[in-house]
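Asker: The chain contents come next:
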Amino acid sequence: MGSITLKQVTKTFGDVNVIKPIDLQIHDGEFIVFVGPSGCGKSTLLRMIAGLEDTTSGNIDIDGKDATNTPPAKRGLAMVFQSYALYPHMSVRNNIAFPLKRAKVPPAEIEAKIASAAKILNLGDYLDRKPGQLSGGQRQRVAIGRAIVRQPSAFLFDEPLSNLDASLRVNMRLEISELHKTLDTTMIYVTHDQVEAMTMADRIAVFNAGVIEQVGTPLELYQTPVNRFVAGFIGSPKMNFIEVEPVDGNPTSCVGVRPEHLKVTQDKGLWTGKVGVIEHLGSETFLHIHVDGVGPLTLKADGDCPLKYGDNVNLTAPQNKIMHFDAAGKTLPPTPFSGN
Amino acid sequence: MATMQSRNLARMMLFPSVVLLLAWMIVPLCMTLYFSFLDYNLLTPGNEEFIGFLNYEFFLTDPAFFASFFNTLLLVGGVLLITICGGIGLAILLDQAIWGRNYVRIMVLAPFFVMPTVSALVWKNMLMNPVNGLFAHFAIWIGVEPVDFFAQIPLLSIIIIVSWQWLPFAALILLTSIQSLDREQLEAADLDGAGPFSKFIYIVMPHLSRAITAVILIETIFLLSIFAEILVTTSGGPGYASTNLTYLIYTQSLLQFDVGGGSAGGIVAVIIANIVAIFLMRLIGKNLED
Ligand SMILES: Nc1ncnc2c1ncn2[C@@H]1O[C@H](COP(=O)(O)OP(=O)(O)O)[C@@H](O)[C@H]1O
Ligand SMILES: [Mg+2]
Chain A
33 MGSITLKQVT KTFGDVNVIK PIDLQIHDGE FIVFVGPSGC GKSTLLRMIA
83 GLEDTTSGNI DIDGKDATNT PPAKRGLAMV FQSYALYPHM SVRNNIAFPL
133 KRAKVPPAEI EAKIASAAKI LNLGDYLDRK PGQLSGGQRQ RVAIGRAIVR
183 QPSAFLFDEP LSNLDASLRV NMRLEISELH KTLDTTMIYV THDQVEAMTM
233 ADRIAVFNAG VIEQVGTPLE LYQTPVNRFV AGFIGSPKMN FIEVEPVDGN
283 PTSCVGVRPE HLKVTQDKGL WTGKVGVIEH LGSETFLHIH VDGVGPLTLK
333 ADGDCPLKYG DNVNLTAPQN KIMHFDAAGK TLPPTPFSGN
Chain B
9 MATMQSRNLA RMMLFPSVVL LLAWMIVPLC MTLYFSFLDY NLLTPGNEEF
59 IGFLNYEFFL TDPAFFASFF NTLLLVGGVL LITICGGIGL AILLDQAIWG
109 RNYVRIMVLA PFFVMPTVSA LVWKNMLMNP VNGLFAHFAI WIGVEPVDFF
159 AQIPLLSIII IVSWQWLPFA ALILLTSIQS LDREQLEAAD LDGAGPFSKF
209 IYIVMPHLSR AITAVILIET IFLLSIFAEI LVTTSGGPGY ASTNLTYLIY
259 TQSLLQFDVG GGSAGGIVAV IIANIVAIFL MRLIGKNLED
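Quick mapping for you: the protein sequence lines, in order, are chains A and B. According to the working numbering, the first sequence is numbered sequentially starting from 33. According to the working numbering, the second sequence is numbered sequentially starting from 9.
Next up, chain A with everything else stripped away, as it sits in the complex (with noise of 0.2 Å):
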């Protein structure tokens, strides 16, 4: 069991309100995964779920129960926090150990526990090391091993991989997701790198100044985003917004155009430019052009990408991938759209 729903939640730390009126439904055994840019409440709601902060006002239900004000360690959920937050004391074996105590389990239970949750993560070799003497992947696997023991309902991660180096961090994101799979319990994810959300989740909420912004699957978002911060925060590079003239007849203020439906053509096309930077990755290229009167376009290209810097290109997109908004910054349902 592990569904939870929030009910009109706000928080508002003295008078800055934090957290805007949420409502949210989280699924049994769903990852799930809060994004959005820093400092747009996700730790915060993530607190407040956890029973760390207070909730100003609304509900948390947890289970079909109300939780709202019940304190944390009656929630029966676990959270690995962004530091890790081990005890630096206590060998390895003691921090995993510390929530089963405190819980009055049996020593031999408390034992079998260990044993298997050091299977799972491969603790096994550093059971007796205090966490100074770990590495940061690896005191990332003892916090997530202090988490599962409790076989909580729920897991609560705070941007657990923004500590660890970029390898690293593929190799953990992996891990989680197969641990996921492994124990079928909720997990609800934050953090402000989208491609940690695309890559982890089945649902996302992208979060925008305390409120949430869409929720959906990582294809739902990529393919319709129902706003244009949506549809710039999720996909890499960033999608590519040209402001228009409205029309009589047609709101438009904006198209977007992600990166790699962007082409190049011989014929004349929607836009004209000039090559700028260009980033090689072997398997791609990222092509920075300046289109005057637009402003700089990204265009993500195949790994052997002839065009050099200086030179002039026409620029299309496939009608159907382009995507338009209002002034207000709303998805438009799609119409042809003929250049600027």
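Errors might be hidden in some of the hints.
What the hints assert, rightly or not - Here are the computed lysine-lysine pairs in the DSS-like style, where the Cα-Cα straight-line distance is at most 25 Å:
#1 Lys295(A) with Lys270(A)
#2 Lys162(A) with Lys132(B)
#3 Lys133(A) with Lys207(B)
#4 Lys207(B) with Lys136(A)
#5 Lys133(A) with Lys162(A)
Since the hints were derived computationally from the structure, they do not count as laboratory data. None of the values given here were measured: they were computed from a predicted structure.
Fit chain B with the ligands to the given chain A structure using the hints.
Answerer: Chain B with the ligands alone, transformed into the frame defined by chain A:
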């Protein structure tokens, strides 16, 4: 400090101050050592002569030596106990988000700035005086016999006065330590089901162990040589009930003009201080490592 050159340079730059410090320490120590083997009394100047270990024999076999030795240990131990326990309590209180916290912190620190003689006098005349003291008034008000602190419990009274002076120091060091405790660890402990007591025992205390060690070591150095508070209040009495080693040496050398005997006492005190230091480092010094 990686290259040979920079290491040598560092040594050269340190050299003068090390020499100065050593001279500052070694010269008086050697002189004391030298005097301690002489029959050297200021009342009979000019006929100093070498008398071997006789001064030491007199000092160590004097019944006052044992009394003052144990008084020294009691004084140091008692003050340490009170300041560490009280300091932890105060530090935890001061760490709470209360209104006017910054002012309270400064107020708490105040006793540390008061000169030992002054604070001892204030305690003696305003608080502990059996007739006019605040405590006596309070005792009469609740209807019990006032305690004559310096006559009935002289050593304990001095322990109380010295503790009052050192409590702010301990509290301040421990407060900085508490403030450096990672809040996420406490939150993790919250989620792990630890109550306030468990959090204190398993998270806060281990975190404080280093600061506590530092407080013990620093305080011990100063508490071994408590003097002014005794001089101002009890003058070591009644009898030798509140005489510590420092005060004993003072009575020996200055009150009896016996430089040789006082020097022997001083050397004994140095040796005892070193034994205490080695003992403490063995016992708790490992807390300061890594
Ligand atoms: N304890 C606090 N007191 C006051 N403001 C806070 C507190 N915690 C967070 N905030 C503010 O709330 C906003 C959201 O913070 P946070 O939830 O940490 O964002 P993020 O999405 O980066 O995790 C930030 O503007 C932050 O300054
Ligand atoms: Mg955050």
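Asker: If a hint holds in the structure, say so; if it does not, say that too.
Answerer: For each hint, the structure was consulted:
| no. | hint | in the structure |
| --- | --- | --- |
| 1 | Lys295(A) with Lys270(A) | holds, 16 Å |
| 2 | Lys162(A) with Lys132(B) | violated, 51 Å |
| 3 | Lys133(A) with Lys207(B) | holds, 13 Å |
| 4 | Lys207(B) with Lys136(A) | holds, 15 Å |
| 5 | Lys133(A) with Lys162(A) | holds, 18 Å |
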